[in-house]
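Can you make the complete structure from the sequences, with help from the hints?
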Amino acid sequence: MALLGQYLVNGIMLGTIYALVAVGFTLFFGVLDVIKFSHGDVLMVGAFAGFTAAMAVAAVGISNPVLQLAASVVFALSVTAALGAAIAKWLILPLKHAPRMNILLVTLMLGTALREAVRLFYPDGSNPKAFPALLPTSALTLGDFTLRADSAILVAAGISVIVGLHLLINRTRLGLAIRAVAQDEETARTMGINYALVVLVTFALGSGIAAVAGVMNGLYYNEVNFGMGLLLGLIGFSAAIIGGLGNLYGAILGGFLFAMLQMLGAVAMPFASAYKDVFAFAVVIALMAWKPTGLIPERASERV
Amino acid sequence: MMQVETALALDTLGLPITPERLLDIQGLAKSFGGVRALNDVSFSLGRGEILGLIGPNGSGKTTSFNVLTGLYRPDGGKILFDGADITGNSPQAVYRAGIARTFQRSRLCLELSIFDNIMVGNHARLNHGLMFNLFQRKAFRLEVESALAEATELAASFSPNLAAAMFEPVGALPMIERRRIEICRALISRPKLLLLDEPSAGMTHDETHQLMDDILAVRERQGGLSIIIIEHEMGVIERVSDHCVVLNYGEKIAEGSYQDIASDRLVQEAYLGSEVGR
Amino acid sequence: MNQLFSRMPPLAAAALAALLAFVFAVVFMEQESDVAVISLLALGAVAAWGAGRVGLSRRVSAAAATRPGAVAALGGAVALGLLAVFAEDHFPLLMLSTVMLYATVALGLNVQFGYTGVVNFAGAAFFGIGAYTAAELVGRTALPPILVLPLGGLIAAVVGLVLVVPVVRTRGHYAAVVTIAFSVLFKTFLEVNDTLGGPQGLSVAPLSLFGWSFGEGPEILGISASFYLNYALAALAVLALAFVMVRRLERSWIGLSLDAVRLDETASACYGIGIRRSKILAFVVGNLVIGTAGALYGSMLGYIAPTSFTFSDSLILVAIVLLGGMGSPWGTVFAAAIVVILPEKLQAIQEYRFLLFSVVVMAILLFRPEGLLPRAVRRYMPAPKEVAR
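Protein chains in written order, with numbering that gives the first Met the number 0: chain S, 0 to 303; chain W, 0 to 277; chain A, 0 to 388.
Treat the hints loosely; a few may be bogus.
[Said to hold, decoys possible] Beyond 12 angstroms from chain W on every Cβ pair, some chain A residues (computed):
1) Ala71
2) Ala86
3) Leu160
4) Phe188
5) Met244
6) Val358
[Said to hold, decoys possible] Simulated coverage check for chain S against chain A, where a stretch passes if three residues somewhere in it have a Cβ under 8 angstroms from a Cβ of chain A:
7) 91–104
8) 115–127
9) 236–244
10) 274–280
11) 284–290
Since the hints were derived computationally from the structure, they do not count as laboratory data.
Glycine is no exception: its CB is placed at the ideal position from the N, C-alpha and C atoms.
So this is what it looks like as structure tokens:
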């Protein structure tokens with residue numbers, strides 16, 4: 000029972016991280032109908048930026064963990080937001096009219112480039128880095144079951160980011176513009192919406208959220224490494240697709256669903272927990288065979 | 000097998016099988032998420048006849064083509080073609096039954112050559128066996144030569160420029176030539192029924208006129224080809240159609256000769272209404 | 000000068016180009032220092048540009064259109080010549096064999112997404128399935144070892160069938176996620192599966208053909224050649240077979256259907272082309288080719304591990320296809336040579352190769368999406384002479 004509770008907490012934790020990644024894919028797909036596959040590696044860059052900031056703050060003698068954390072998050076956010084906007088401006092918008100596959104390919108290659116750049120050029124980048132523990136580690140114990148404060152804070156932070164995004168999309172002028180562009184680019188343009196600007200802001204926003212996920216991931220596992228983005232990106236992409244691309248809530252659902260699958264794999268096959276990712280991806284492949292455009296289908300309208 | 004069943008079904012329904020009718024559409028219905036794109040549309044087409052399908056934008060003309068060619072599955076109604084029930088058949092099966100179409104926005108493969116594009120339409124008559132294509136290269140070569148001769152001749156009846164450039168990519172050609180290639184692609188397999196979706200779109204008045212002349216000439220030579228044409232240019236409809244069907248909001252509002260429907264009050268309202276609405 | 004080349008008979012021009020390519024390749028392969036390699040690369044680039052200026056390139060492409068068989072034979076002769084020159088040296092032979100096997104794999108990928116538009120980001124996984132099949136079969140079973148080549152292909156194609164339903168039912172990015180997931184799944188599976196050697200991998204026994212063991216260097220004309228010569232010849236045979244078959248497939252009605260499916264599924268369906276049938280055919284044929292090459296690769300290396308078959312390797316394979324030009328078999332071979340040899344010769348960039356090639360492919364996609372040697376318009380038969388103007 001206690002073990003099950005532990006799995007549940009783990010699942011919610013991972014689900015929150017995955018949902019944050021998936022939300023980015025869905026935002027990009029919404030405004031531009033493209034898949035930006037470098038998203039996972041942007042997340043990794045964000046995690047490294049956060050790590051660097053935390054180290055830098057510590058190096059100048061500030062040992063207050065709250066300040067370190069704030070610096071870490073702010074720096075990670077700004078770096079990835081700028082990176083996301085730059086990718087949109089120089090890589091994705093120029094290819095807007097090329098075959099969609101080219102955008103997928105270009106961003107796949109960019110992901111590799113980012114990954115390799117960090118591995119090669121970050122000091123000792125090919126080795127994992129120990130992310131400092133900046134959150135309180137006190138724990139609440141109920142019998143065998145322990146709920147650590149850091150987990151609770153991370154989940155709360157992740158969920159508040161999701162709620163914040165929900166409010167931003169539904170209650171602000173910016174959100175309205177994003178929804179308008181997602182609905183119909185042509186009409187949005189004629190209504191006087193600055194299309195290119197909305198795209199750039201959306202990419203900055205989605206990438207910034209990925210940075211939060213990256214820092215969360217670093218805090219949770221106490222580690223960042225150059226390869227972390229590939230798997231997280233793929234999981235986020237799978238989650239977004241399971242939930243139906245372009246559907247914000249579907250993406251969140253997909254994120255938690257994927258985490259549940261992994262936990263299920265670990266619980267059902269305790270003798271072979273190493274196979275949990277194999278199991279989760281096998282289920283994703285099977286899901287795609289069953290529902291080729293996700294559980295909540297993408298709105299498809301091809302003019303014949 | 001299909002045909003026997005259909006004949007039986009028709010018998011029990013007491014419907015006459017009239018061989019002179021090539022196409023019989025009965026009570027066709029199609030909705031998209033609650034919007035009725037087609038509602039109880041019925042019309043029929045005789046052999047060798049040209050039917051003009053007209054109506055304002057969004058009245059269901061192209062949708063009826065898409066249902067007819069199997070791209071959309073109808074929610075209700077029946078499509079009888081050449082004595083067989085083809086309702087809900089796949090696009091591939093509809094093509095093999097003898098229906099070929101063009102598209103409103105020309106759908107050619109721009110990177111491929113003129114010959115390639117025309118040969119896409121010839122799929123039913125070409126040998127697609129793996130052994131034949133990979134290993135019997137001499138026999139394959141003979142098939143290519145005869146297909147090339149036929150396609151070149153067909154293209155030449157539209158434009159000598161096309162016939163001279165069979166191995167040039169389509170993407171470099173102007174709109175009128177692309178339309179012609181699309182029509183060659185539809186005609187090469189000698190279909191019984193040709194569906195033309197706004198052949199005049201993107202062309203000048205004179206070009207359209209010339210294109211229709213060419214189509215009529217080919218029809219003359221192939222003999223017995225029936226055509227359904229969707230068109231906004233009423234001049235074209237007046238000139239080529241034997242009779243017309245008018246759609247509005249997915250329903251048939253009038254049918255008859257061009258003169259009949261041109262003087263029909265409902266039709267005038269539908270068009271004027273849509274003009275004012277714009 | 001200009002006149003000289005633009006009047007040259009196409010086949011003579013092709014022969015001249017082949018000779019130049021051969022000499023260049025021999026000299027290039029023998030260089031050790033980075034400076035020499037870079038200078039030769041610059042020379043090669045200038046020569047290629049010059050060949051375009053004086054009209055040699057156009058004559059060569061005319062030859063490729065009018066006498067495709069003869070041009071392919073010239074390509075084979077260049078490859079054989081290179082194998083003969085380096086018959087005694089392990090390393091150059093290993094490199095040339097790797098080029099030929101990667102080119103074979105990229106030809107298989109070309110059938111899948113160059114022609115049919117069926118994306119496959121698990122190329123390295125299917126390559127690995129071929130290699131692991133070889134590891135499990137050669138020496139461990141009573142099968143004649145040479146049979147592992149077709150079996151490697153067959154097993155790869157059969158495993159690929161697991162993905163057929165999702166790949167055929169999905170399009171674009173949805174299909175991409177299926178194959179990427181498979182790619183990651185495959186490597187993870189290899190790492191955790193103990194019977195397949197886990198992260199350490201497996202050793203592969205050498206191939207043999209009618210008692211002629213590939214593990215020992217043959218004696219030819221009194222020269223004791225490297226044992227890699229066996230594998231290089233086998234790789235050349237596999238590449239030649241794949242090349243001829245892919246060419247024939249492209250220049251057939253089937254190839255036309257595959258192209259039509261890639262370019263416009265709706266129009267294809269309205270003209271009777273079976274969309275699923277075409278995609279399944281392309282996916283299976285492609286994996287067959289990839290798996291066959293993988294089986295030979297595994298036998299040649301003698302030792303295989305999961306790290307050779309990662310998602311990044313799949314991307315390198317995709318990069319070869321894009322760099323050469325989608326659907327262009329000659330471009331594929333050329334790009335395979337660049338992608339495999341360059342990092343090996345330029346030790347300075349060895350470490351940076353994934354970064355380098357990803358940036359190069361991004362540039363290709365942005366500025367020259369048709370690739371280095373763009374695909375020519377399909378001619379089902381050798382073109383008549385007058386085209387060769």
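Do the hints match the structure? See the list:
1. Against the 12 angstroms criterion, Ala71 of chain A stays outside the reach of chain W, whose nearest CB is about 14 angstroms from its own CB.
2. Even its closest Cβ contact with chain W, about 33 angstroms, leaves Ala86 of chain A beyond 12 angstroms, as expected for a residue assigned away from the interface.
3. Residue-level check passed: Leu160 of chain A sits 18 angstroms from the nearest beta carbon of chain W, beyond 12 angstroms.
4. Annotated as non-interface, Phe188 of chain A keeps its C-beta farther than 12 angstroms from every C-beta of chain W; the closest such distance is 32 angstroms.
5. Met244 of chain A, annotated as away from the interface, has a beta carbon of chain W within 12 angstroms; the closest lies near 7 angstroms.
6. Non-interface call for Val358 of chain A relative to chain W: holds, since the shortest CB-CB distance, roughly 27 angstroms, exceeds 12 angstroms.
7. For the stretch 91–104 of chain S, the stated coverage by chain A is satisfied: 8 residues place a CB nearer than 8 angstroms to a CB of that chain, which reaches the threshold of 3.
8. Here the stretch 115–127 of chain S counts 3 residues with a CB under 8 angstroms from a CB of chain A, which clears the bar of 3, and the coverage holds.
9. Coverage of the stretch 236–244 of chain S by chain A holds [criterion: at least 3 residues with CB-CB distance below 8 angstroms; count 4].
10. Here the stretch 274–280 of chain S counts 4 residues with a CB under 8 angstroms from a CB of chain A, which clears the bar of 3, and the coverage holds.
11. With a threshold of 8 angstroms between beta carbons, the proposed coverage of the stretch 284–290 of chain S by chain A holds, since 4 of its residues qualify and at least three are required.
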